[in-house]
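**Student:** Sequence lines, in order, name chains A and B.
If you use full-length UniProt numbering, the first sequence closes out at 151, no skipped numbers anywhere.
If you use full-length UniProt numbering, the second sequence closes out at 131, no skipped numbers anywhere.
Take the hints with a grain of salt, since some may be wrong.
[Unchecked claim] Now the stretches of chain A that chain B is said to cover, found in silico as 3 or more residues with beta-carbon under 8 Å:
1. 8–15
2. 19–33
3. 44–52
4. 64–78
5. 89–101
Derived by calculation from the structure, the hints in this document are not laboratory data.
Quick reminder that beta carbons are idealized off the backbone N, C-alpha and C, glycines included.
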Amino acid sequence: MAERPEDLNLPNAVITRIIKEALPDGVNVSKEARRAISQAASVFVLYATSCANNFAMKAKRKTLNAGDVLAAMEEMEFERFLEPLRDALEVYKKDQRGRKEVSEQKRRDKERKADSENDKSREEEEEEEEEEQQRMEEEPEEEAEEEEDDN
Amino acid sequence: MAATVEAPVPAEQDSARCGPEEENRGAEVEEKSQQQQQQTGSTGPAVPHSRLSKLPLARIKALMKTDPDVSLASQESVFIIAKATELFVEMIAKDALVYAQQGKRKTLQRKDLDNAIEAIDEFAFLEGTLD
Chain A
1 MAERPEDLNL PNAVITRIIK EALPDGVNVS KEARRAISQA ASVFVLYATS CANNFAMKAK
61 RKTLNAGDVL AAMEEMEFER FLEPLRDALE VYKKDQRGRK EVSEQKRRDK ERKADSENDK
121 SREEEEEEEE EEQQRMEEEP EEEAEEEEDD N
Chain B
1 MAATVEAPVP AEQDSARCGP EEENRGAEVE EKSQQQQQQT GSTGPAVPHS RLSKLPLARI
61 KALMKTDPDV SLASQESVFI IAKATELFVE MIAKDALVYA QQGKRKTLQR KDLDNAIEAI
121 DEFAFLEGTL D
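Generate the whole structure from the sequences, applying the supplied hints.
**Tutor:** Structure follows, in structure tokens:
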């Protein structure tokens, strides 16, 4: 299932939207120009990745991190990207933290509920857990796995 | 003219609204919902839980992984590359526009891209890479 770079394009609709938002109203973009920009974007991803990976390897790390990418931007002479990228990263981290807190709160609530149920009869407990499992099916894997652990 | 900078506020609202469904799961699920958003096409900005990146993180990550030297990439790094790519697209479109305008055209054409790539140092890495 290995994907080759040639098979992976960025979605046209999104590329088009980014282009349109960058250009003044009334400007059109030919199909060929759009295709070329999309291709260029893919090349950019590959080049940036390779560059960032060099920094990771230099630091003897196997995992590429945000710092490596920022260092790569500078190396590639895209310093103008650094500030907006740092800002975006802050927002992203905050967003991730917020969602993690929600997930942890849910887990805590569930555990609290499970504890109080230990006082009831076992049958009742199993019934409720089944229902939760059905509901959980629409929800994150993490919680589904925990359900299984309880069983 | 539409703003090119993502406003953080919508993202936070989404985070609160979609709280129960949205968690810090693995990248996969987040990417799926972003892909779904992209598949519904341009039917208005259907805002996914993380409207911070316009480009689907799953696709970006898959692209990154085609590099044999890359073993693992943090979620943050994938996001930053996605964001940088967005900035890159904006930049190259604007730079190419200059050439279209010189040619008194209102339509950006392939040759405008080629001119920009040739003229601008930052785009040197693109030389010879496009069909």
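**Student:** Now tell me if each hint is right for this structure.
**Tutor:** Cross-check of the supplied hints:
1. With a cut-off of 8 Å between beta carbons, the stretch 8–15 of chain A has 6 residues touching chain B; three or more are needed, and the interface restraint holds.
2. Judged by the Cβ-Cβ criterion of 8 Å, the stretch 19–33 of chain A is covered by chain B as claimed, because 14 of its residues qualify and three suffice.
3. With 8 residues bearing a CB less than 8 Å from a CB of chain B, the stretch 44–52 of chain A meets the requirement of three and the coverage assertion stands.
4. Counting residues of the stretch 64–78 of chain A whose CB lies closer than 8 Å to any CB of chain B gives 10, so the stated coverage by that chain holds, three being the minimum.
5. Here's how the stretch 89–101 of chain A fares: 10 of its residues keep a CB closer than 8 Å to some CB of chain B, so the rule of at least three is met and the hint holds.
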